[in-house]
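There are 2 protein chains.
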Amino acid sequence: MENFMPNFLKKRAFLTPDRPAVYFQNEMITFKDLYERSYSVAGQMQGMGIQKNDFAGVLLKNHLDSVVVLFALQLLGARAVILNNRLTPNEMVWQLEDSGAAFVILDDSFTEIESVVNERLHHIKTTTIKKLFASDSVTPAIQEEISLGDICTIMYTSGTTGYPKGVMQTYGNHWWSATGSALNLGMTDRDCWLCSVPLFHISGFSILMRGIIYGIPIVLHERFDVDKTIQTIQEKRVTIMSVVSTMLTQIVDALEEQRLPGYFRCMLLGGGPAPLPLLQSCQKKEIPVFQTYGMTETASQIVTLAPEYCLTKLGSAGKPLFPSQIKIVREDGAEAQAGEVGGIIVKGPNVTPGYLNRPKATKETIRNGWLNTGDIGYLDEEGFLYVLDRRSDLIISGGENIYPAEVEAVILSHPDIIDVGVTGIEDAKWGQVPVAFLVKKADSELSVEEIENYCLKQLAKYKVPKYIFFTEELPRNAAKKLLRRTLKEWIHEGRFCT
Amino acid sequence: MENFMPNFLKKRAFLTPDRPAVYFQNEMITFKDLYERSYSVAGQMQGMGIQKNDFAGVLLKNHLDSVVVLFALQLLGARAVILNNRLTPNEMVWQLEDSGAAFVILDDSFTEIESVVNERLHHIKTTTIKKLFASDSVTPAIQEEISLGDICTIMYTSGTTGYPKGVMQTYGNHWWSATGSALNLGMTDRDCWLCSVPLFHISGFSILMRGIIYGIPIVLHERFDVDKTIQTIQEKRVTIMSVVSTMLTQIVDALEEQRLPGYFRCMLLGGGPAPLPLLQSCQKKEIPVFQTYGMTETASQIVTLAPEYCLTKLGSAGKPLFPSQIKIVREDGAEAQAGEVGGIIVKGPNVTPGYLNRPKATKETIRNGWLNTGDIGYLDEEGFLYVLDRRSDLIISGGENIYPAEVEAVILSHPDIIDVGVTGIEDAKWGQVPVAFLVKKADSELSVEEIENYCLKQLAKYKVPKYIFFTEELPRNAAKKLLRRTLKEWIHEGRFCT
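Residue numbers (UniProt numbering), protein chains in the order written: chain A, 1 to 498; chain B, 1 to 498.
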C-alpha cells in the first residue's frame, strides 16, 4: 500500500509558520521564511530546466543557502545527488556521470570544479548558488504530496571499501529514521539540534530532515569549532548535538571545570565505539552520550545505546530503533546464537531500497528485505549489538580471524589512549599480522612495551599488534571513519618501519 | 512498498523491559511483564483454536486483563472485533455475525451475553476471561513481524447515523496515529497517559497503542471518577489525559482553587467543541487544552488545536497532524475556498482502508485515497478547521440550511451554559425548525427569553431555535457523542412539548 504524505517543508510551514527553523551565523529564519525562500529558488531551478524526478548534483558547504537549495529540490520532486565536497574532481565527475545527473548546483567557492564539469560533462548544466539565486524565476510546479517511496536523495557510499555506489534514500527512509529516533530520544518543541557535521553526509542531512519533521530549530555551523559549540549550546539553548569521538573529546577538554547547561540532553555519537576515558570523562561531567551505529544505507542511526548503559555495555552500539530489526548471520546464512560472531544484517522502513542503477549490487546486498551491512559483530544475551568490524578489514593471521575493532577497543580502554587504528599487513610467516597506530595524551609517557603488556593481559597473543606506533593523528574521512587503507599505505611508503 | 515492522509489544518489551507499562488499581506491570502475560494468554488462545487472521470478538471492560487479551491477539496476528459494551445483545449478535468472528472473549461480568451468543450463534466459540486464563496452553505461534497493512482491530461505527459498519484499523493506522500525535504534542520518557475513556472506543484503545509505541506508562481507570482523576494525576505523575467536555467540566469544578501539577501538560479533548466558559476556566486554572477532531475511521485524532489558539480560534478543531491532510469539497466535488462551507474529506496513513466486507460502502466513502467523513465544515484563511455538523444532522428550514453545531456553538458561548444539543423537528410551515436542549449552571437563573435574545443577536432569525428546553443532562453515547436522534425522540414521546 503506497503511502502519500504532504510535502514535508510545506506542511511544517503550514503547521508552525513562526517557529525558528534555522540559525546560521547571525541570521534566524522561521519555517515560513524557509518555505518562501525555497519556493522562490524552486521557481529559479525550474527556470533553468529542473523538473520532477530529475537528478541534480549538489556540491555544497554547511550554509543556509545550501539548506534552501536542498529543500527547493524537494519542493520540485527532483532528486538531489549530494556530493561529498572533499572528493577529487575526478571522483565527482565519476559520480555525476554514474547518477545520470543533468544539472549541478555548486557553492560559489567551487568554481574550479564547475569548470572541470563543464569541460568533461557537456550534457550537464551547471550553476553556482549565486548565479541561481540571481536568475529568472517561473512559477514552480510544487509537489503538494509526496509518496514515501519516492527517492529524495542519493549519497555515494564513502568508498573506503570497493567502488562507490549511489545509495537511494526515499522520503520514507528519512521519515522513518526521524520518527524512529524521536521514539528513542523523545522530542519536544523546546528541542534544538546543533549541526556542525557536514550536510553532505547523512549525519548532517538527517538533522535537516528531523528539523522540519519535528518542527524544531537547527543551528547550522560551517564546521566544528569547540569554543563556538560551547557558546552556541548556551546561547541558543541547544538540547541535542551530533558528534564523533574526536569532536566530543575536544568538547570535554574545553569544558574543564565547566558544565553544559541542564537542558542539554543528548550527544548523539556516531562513527564507531568511543574510548573508555572519554566516556568516563563525559559521565563525570554529566554529558549524556548516546552511542549509535548507522550508515548511509539506513538513513543515519539504526542502533542506539542509551547513556545508562554506556559503561556497563562498553563497546556496544545498543539496540535497534523501534521500527528496525537486526540479525547476526553465520556464513551459511543461519541466524547466529547470542555471543556468536557473524555478519550484521538490518531491516526496516529506514533502510534504502538499493543502489542507483545497480540492480546486481542491490540484489546481492538486500535479500528478502534484509540488507547486508558488510559489518561483523554479535548480539549479547540481552540483544545489545557489538560491532566488531568491516568484513573487508578482517585480518587473517595464521588462520585465525582478528577483528581490528576488537583490538582497538582494548587499546582504547587504556586511560592514556585518545585514538587508535589497527590494520593488517603482509607477513611472511603468518600471512598477515596486526599493526596498531596510537594517539596518546599529550602528557603521557606510555611506552610501546607498556601498551603491549596491557594488550597481552586482555587479548590472545595472536591478536596483539606485532608493531605499535605512536602518531599525532589518524587518517579519517569526512565522516570521521578510520581509513585503514591509509594506515597500510603509511607502512608501504616507509613512513613507519616494520 | 509493503512495510514490515517488529511486533509492537514484543519490540517494546525488548527495548525497555523494566519500564512501567500499565498501572491498574494497586498493580503496576512492566513492559516485560505485559509481554510475558500476553504471551502466556496467546498460548491459551491458540489452545482454544485462535490463529493468525482469525476474527475474535472481544467484549471487555477497562481492566488490566483486557489489555492482556488485546495484546495477546496481536501477538497471534488475530483481529480483534472490539464490541462496545453498552450495546444491546441484539446489536452485539448482529456485529459478531457481520464480522464473521469465530470466537468471542468476554469479561467475566458478561455471562448473560455469553448465553445469548451461545444460543444464537452456534458457530462461535465463547469464553470468559476467567475461563480463558485457566485453560490449557500451547506454545503460541508469535508473529515476530507485522505488516503495517495488516488488520489489527475492527470497531463498528457508533451508528448514530445509518447502519453500523466495521471499520478496519491496520497496524499502520495505529502506528501513524501514534507518531502523528507525538510530533504534535511532543513525547518524552517522563510522560504518563491517564486512560479513563473506554478501551472499546478508539479514544481509549489508541492510548494503549501509544503506550507501547512510545514506551510510556498508562494509568487505566475502570471509569471516569473526578476525585480519583485528580489524585492519580498527582500520585502517578500523569502528564496527558484524554477527556470529553463533561469530564473536563467536572475536573475544573473539583479543582476549585487548586492547580494541577506543573508536569501535567495536556488535556486532549475530543467529542466536539467545548463551551466557552469551560475553556475560559481552563485558561484561568492553567490547564492546557488541546481540542481535537477525529473518528474511528482515522484511528483517533486527525486534527488538533494547540492551546494557544483555544480562545482566538474558538470553535475550531485546529490543523491536521503532520502525516494527514484535509480538504473541504463542494457538492460538485471541487475544492472549496477558505471560509466556504462544504464536506470534510481526509487523507493520510492513519485513515482506514475501508469497511469490513463492505466494498460498496468503502468505495462510496473513500475516493482516490480521500475519505468522506460525512461531516460539514470549513477552513479559515489560515487553514484552521471548523466542524459545523454531521451532514445527516443538517436542518433544512424554509429552504435554508441550519447546522446544529453552529447554533450550539453560539449557545455554548453564553457563560451560564454548560451543555447544549440542537436538532430539527418537523414543522408544518417551514418543513423543519431547530429545537434546543440546554443544561445551565446549577445557580443560574437564565430564562428561555434571555437565551432567545442572546441567540437573536448572533444568529439569523431562521437559525434561532423555535423551542428551547432546559434539562439536567443530554443524551450521549459511550464516546460522549451527542445523540440527536434521542432529542427527537424526547419530543415525539411528549417528554417535552412543542
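Among the hints, a few may not be true.
Said to hold, decoys possible - DEER-style ranges, computed between Cβ atoms: (1) Arg-259/A x Glu-286/B: 51 to 61 Å; (2) Glu-144/B x Ser-444/A: 46 to 56 Å; (3) Arg-330/A x Glu-144/B: 16 to 26 Å.
Please keep in mind that the hints were generated in silico from the structure rather than gathered at the bench.
Even for Gly, the Cβ is constructed at its ideal location relative to N, Cα and C.
**Request:** For Glu-144/B and Ser-444/A, compare the CB-CB distance with the range 46 to 56 Å and indicate the outcome.
**Result:** 49 Å, holds
I want to verify a distance hint. Is the separation of the beta carbons of Arg-259/A and Glu-286/B within 51 to 61 Å?
31 Å, violated
Exercise. Using the C-beta atoms of Arg-330/A and Glu-144/B, is the stated range 16 to 26 Å upheld?
Worked result: 19 Å Cβ-Cβ, so the 16 to 26 Å window holds.
Taken one by one, the earlier hints fail for this structure only at number 1.
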